[in-house]
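Chains A and B are the protein sequences, given in the same order. First residue of the first sequence: 1, per this note's numbering; consecutive thereafter. First residue of the second sequence: 1, per this note's numbering; consecutive thereafter.
If you are wondering where the hints come from, they were derived from the structure by calculation, not from laboratory data. Each hint should be verified, as a subset may be incorrect.
[Unchecked claim] A short, non-exhaustive set of chain B residues, derived as facing chain A with CB atoms under 10 Å:
{"hint": "1", "residue": "Gly3"}
{"hint": "2", "residue": "Arg48"}
{"hint": "3", "residue": "Glu100"}
On a predicted model such as this, the values are computed, not experimentally measured, just so you know. Glycine included, C-beta positions come from ideal geometry on N, C-alpha and C.
Each chain is listed here by its residues.
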Amino acid sequence: AQRVTQPEKLLSVFKGAPVELKCNYSYSGSPELFWYVQYSRQRLQLLLRHISRESIKGFTADLNKGETSFHLKKPFAQEEDSAMYYCALSAGFGNEKLTFGTGTRLTIIP
Amino acid sequence: EAGVVQSPRYKIIEKKQPVAFWCNPISGHNTLYWYLQNLGQGPELLIRYENEEAVDDSQLPKDRFSAERLKGVDSTLKIQPAELGDSAVYLCASSSTGYEQYFGPGTRLTVT
Numbered sequence: 001a002q003r004v005t006q007p008e009k010l011l012s013v014f015k016g017a018p019v020e021l022k023c024n025y026s027y028s029g030s031p032e033l034f035w036y037v038q039y040s041r042q043r044l045q046l047l048l049r050h051i052s053r054e055s056i057k058g059f060t061a062d063l064n065k066g067e068t069s070f071h072l073k074k075p076f077a078q079e080e081d082s083a084m085y086y087c088a089l090s091a092g093f094g095n096e097k098l099t100f101g102t103g104t105r106l107t108i109i110p
Numbered sequence: 001e002a003g004v005v006q007s008p009r010y011k012i013i014e015k016k017q018p019v020a021f022w023c024n025p026i027s028g029h030n031t032l033y034w035y036l037q038n039l040g041q042g043p044e045l046l047i048r049y050e051n052e053e054a055v056d057d058s059q060l061p062k063d064r065f066s067a068e069r070l071k072g073v074d075s076t077l078k079i080q081p082a083e084l085g086d087s088a089v090y091l092c093a094s095s096s097t098g099y100e101q102y103f104g105p106g107t108r109l110t111v112t
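All chains should be built: construct the whole structure from the sequences, respecting the hints.
Shown next as structure tokens:
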């Protein structure tokens, strides 16, 4: 069975401070990991996926298979980063379903 | 490009009534998903279509929920009869590659 855990429901960080949103997963195979973001009054959208190894809006995430984690990080938080963040897992390549965590609401304090 | 279109955006019904949600995916996207999102939770897959074929409907409560995707384009999700516990946001998403799913704005259902 696939499971994604986001231990923090709420996270507040001062502008300019580092941000880390935690994500742990449980899956016996080789998963694809994603971070999706939902800004206020907008639809859910892809932020980044581990296979692309990109940095999007200053965010990065490294897949740690030993710790089964995929934490999202940004060195300097900006006010526009305030949003709901969901970590998600897919069982493999192709159009597989996503298993989402419960989400973390990030608030950047000016 | 309008993205994934869903209607209605909001729906309030009394319990035991039927309700239907409509989704039009991004043009050319063969894969279509319906997710259910309860308050404070992440989305959970109800059903996945590849063209007109439902390839994963294991999480769909088939006693009251049904879905169709005729001609492999737009899709309808129906609940009959609705229960209080069905109050949630129903999300539709589509994909062409599987590496990114594009979500619609969702339909917020309230059952009273």
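Each hint tested on the structure:
no.	hint	in the structure
1	Gly3	holds (7 Å)
2	Arg48	holds (6 Å)
3	Glu100	holds (5 Å)
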